[in-house]
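Residue numbers (this note's numbering), protein chains in the order written: chain W, 25 to 273; chain H, 68 to 474; chain A, 1451 to 1856.
It is possible that some hints are incorrect.
[To be verified] Here are the in silico distance ranges between beta carbons for each label pair:
| id | chain 1 | residue 1 | chain 2 | residue 2 | range |
| --- | --- | --- | --- | --- | --- |
| 1 | H | Val151 | A | Val1676 | 54 to 62 angstroms |
| 2 | A | Asp1526 | H | Tyr178 | 23 to 31 angstroms |
| 3 | A | Gly1539 | H | Leu399 | 51 to 59 angstroms |
| 4 | W | Asp259 | A | Thr1631 | 31 to 39 angstroms |
| 5 | H | Val329 | A | Ala1812 | 15 to 23 angstroms |
[Claimed, not checked] Okay, derived cross-link-like pairs now, PhoX-like style, lysine-lysine, Cα gap no bigger than 25 angstroms in a straight line:
| id | chain 1 | residue 1 | chain 2 | residue 2 |
| --- | --- | --- | --- | --- |
| 6 | A | Lys1465 | H | Lys463 |
| 7 | W | Lys240 | H | Lys229 |
| 8 | W | Lys125 | A | Lys1607 |
| 9 | H | Lys227 | H | Lys213 |
| 10 | A | Lys1454 | A | Lys1843 |
| 11 | W | Lys265 | A | Lys1558 |
| 12 | A | Lys1465 | A | Lys1843 |
| 13 | W | Lys193 | W | Lys220 |
| 14 | A | Lys1662 | W | Lys240 |
Note that these hints are calculated values from the structure, not bench results.
For glycine and all other residues, C-beta sits at the position ideal for the given N, C-alpha and C.
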Amino acid sequence: MAACALFLCCLCLLALPMRLAAADAREIIKQVEERLNGKSAVLTIAMIITTSRTTRTMKMESYSVGNEKSFIKITYPGKDYGITFLKIEDAMWQYVPRIEKIIKIPASMMLQSWMGTDFTNDDLVRESSISRDYDAKIIGENDQEYEIELLPRPEAAVVWGRLVMGVTKNEMLPKGVSYFDEEGVLVRTLQYTEVKQLGDRLYPSRWVMIPHDAEKAGNRTVIEITEAAFDVEIDEAYFTKRALQRFSD
Amino acid sequence: MFRTALRIAWASLARRSSRSVLVVVMISMSLWGLLFMEGIYDGMTEQMISNAIRSDSGQLSLFAAGYREDPGLHRLIRRDGEIVALLDGDRRVKSYVRRLRQDGLAATAHYSRNVMIYGVDLAAEKRHGRLDSYLLEGEYAFGAKKRGVLIGARLAEKLKVKIGRKLIVSAQNSEHEVAAVALTITGIVRTNNMGLDESAVFIDMDRARELFMTPAGASQISVILQTEKDIPAVQAMLRHHFGILQTLRWDELYPALMQSRVMMKGFNLVMSLLIFGVAGLGIFGVMLVSVLERLREFGIMLAIGTSFAQVRGIIFTESFILGFTGFVAGSLLGGGTLLYFYHHGLDLTIFSEGLEEFGIDVITHAVIRAQYFITAFIAVMLATFVSVLLPLRLLKKSNPIEAINKV
Amino acid sequence: MFFKIAVRNIFAYRKRSIITVLLLACTTALLVFATAYMDGSHARLIQSSVEIYPGYVQITHPGFRDNPSLENLIFDAAQVSASLKDFPGIAVFAPRFESYVLFSSAEKAVGGMFTGIEPEKEMKISRLAASLKQGSYLTSADNAMVYMGSELARRLKVGVGDQLAFVGTGADYSFAADTLTVKGIFQTGLFDFDSRASFVAKPYFDRMMAAKNYATHFIVQPERPVEAAALAVAIGRRLGPEYEAAGWQQTMAGLVQAMRVDSIFGYITLAIIFMVIFFVVMIYTLLVVYARVREIGILRAVGTGPGQIFAMLLLESVLLGLVSVLLGGLIGGVLAWYFHIHPIVFSGMEEQFKQYGLALTAMPTDFAPLVIMRDMAIMFVLSVSATLYPIFKVNRFRPIEAIHHV
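If we strip away everything but chain W, and leave its shape as in the complex, we get (with noise of 0.2 angstroms):
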């Protein structure tokens, strides 16, 4: 009798840490997504493009709120100074100064490149959907990282067969995510990397895409974060259609 209870008792020992482990993947990612995001972010970014041919560079300023809302404005270089982007929910809208037209982004340029970079606009559009859209999983541990093994949910939308992200130990910021398609091959990576102090926290100011297909190899995008301030107020007025325009110049 008290033998049986003792062994129950190991068993629910024993699987306790696996609940633990599993509730700790979906904390992990949590925490890093509030540190990525922070409640409010104001960001200047410079974005390096490089493909086998051409280098760019394009900065821009971005004010984002949580998951939701964010506006972007291009500042350089000169011939898309003012170009806009306001992103609501799943909504993605643009504005071109030189055309005078605000453009909705239709379901099928969703997919197609962001501004010439290896994101896409559902990238910027799904970026924070990671806790919503994934079951998370530790499946590596070691002194300085945890590595966590993302799986799609059967009901979401996204494209990928599985990814697979490191996360610091000691800052809770995401080292590197890696996408894999549905047949485990890596279609891309993103690195985070040159952690430091910006804002009120320590934040990676640069971050890597490195797309894996034969067809863009040698191509790869940079994102330097050179200013950054968290969790300030910011103007409402911001996430609205006017603002596109408004803000433009």
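Place chains H and A on chain W using the hints.
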């Protein structure tokens, strides 16, 4: 009397067996060739039409006002319940299906393509147009959770996907928001309706309603009737009841196909005339010679009291026997060949690339129509009749005594 | 001597000779005309499809046809131009840059093709200029003026003089956008093409899309279109492995095969007709030859050998065949020539053609003397072989039998 004529006719034909046989062979070969051609060419045309009807337009299609010029979720048929009730009650209607249609995007981790999303009820489509017969790979099903998708063969090639792969389908819903859903490819279809094979994805109707946020209404109602003949009447009836909707026949949606059919009919007619015209020449030659070389014989018969009508009867009978035998032999050969190709189909896979380019099935099933045989019979009979007219005239004009004394 | 006898016989049995000649001549004319029509209609179909826009020879980066991305462009259009200049066999050549953009008019946003072309050269290569429906065609100096397909204009609800914007990706992946004015609207009759295509002058395009000295492909108009494939090979050799030159047979392989299928069915149809003719000629020969059994018997009786009889009869058949075939070839040839100059107009077939991506209303026949001779030779062989069986048969009679034949 008739039996005598028959016996004499038969004897004359047998006496010159090689040429009689040649004529019969000629007629039967021509008929065989003609039947084969008609059956296969008609088969091709009808298959093309049938594919379009079954996979898309039905014999009649209903759309909301202005839909064809400006398609979208803002133009749905709202009274589909009424329409369906009306169709249910009309005995001329064999089947109908409702479909939702919207432009969208289908994507994998590597590729994405613009597609046309169709929300369908698979069971209804099976009863309606045998959509299942177009299944190339996989299963004709959307799975237990209705998260499956059937895609066109060419689309599958372009996206480089296989059965079981995930496909993200996104579209603008009725609130102008982009909505997306993750589906699994359960089957690949080849309809040979080029538009569908290159860009169609079929999803469960309920799934589509969710995705598009259109709980009611339909983009298209496709109707198939019991018989083709009722098409104009049913179209008029639907137009009368639902005036603002666009009710169109298959040939209004696919005018090129109707032209194909008309052209094929014309072509078959011309070929029949040509072939039997020439065959008629053959019969003519034989009958002419046959009569001329027996002038003496006929002269004697006439002299001993046989009426001209009876002699004429003999000659007609000879010609008729030749024609009829040829017709029967040709019909058996031709009919047998067509029957074979009706069941097994003519396999033209070596030309698949060219045929697919034009939406023609690689395996063509022959059509057999009573009309082929009826037209052929009339043509043969006409040929046999006309071909003896001149010889008879010559016979009539000749003098029996002269004829007997001819050397 | 045989010759003289054969000729005499032909004239002696006038009725048979006339019928045979008429029959064979008509059939030869039919064959010649049918072949001329098939070849002519195919040539016209191809010409139509190829000349509207795709072109006879295309030069691209080797990977471009399989993967039309910005990595597989022609990056030195000037070099290609220099190599093609004065190349023998080329009538005109021009670069094009095709891209896919989002068009946005006051009322609608639609995706479509946006292509930079050299307008003056295109006039001599494709049918774009000739398909002008409203407004006017482009010149190289045109800035922000677009020449678009009628269906695309309709979808965007714009007309000549209206403005619309485009948004797309430049050759360096940069963002490109500008406002355009509609200068002209074209209608080729190909629904697909008219609903997606638009064109601007390349100098303007290059500025907007960062495509200076770039091209997605070069289009080449051969001096002699029939030699397109050979020209493609020659160009490929001259340009080297950095480029790929493909003739229309490769870029439009489906069309080629479809023509082949059409030909096959045409020949099957003709074969069936010929089979009938074959039998008819055989029957007539049989009749005539049997009518002469007595004559032949007498000849045999006086010592003419069976081989000589055979030769004589064969000679008759050969002469008749020759005359018929020449006559028929002449008639057919004249018809082919006439309809080559004045193509046959088809009312009622346009929808069919449109569905297959062709804009046609009239078909010319082909006029090719060599092909006509080939057809005549075929008919000759056919007509002579049809007479062989009866000649054999009649030769088997024994002289006495023959003389007494009734």
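Run through the hints listed earlier and report the numbers of any the structure violates, in increasing order. none
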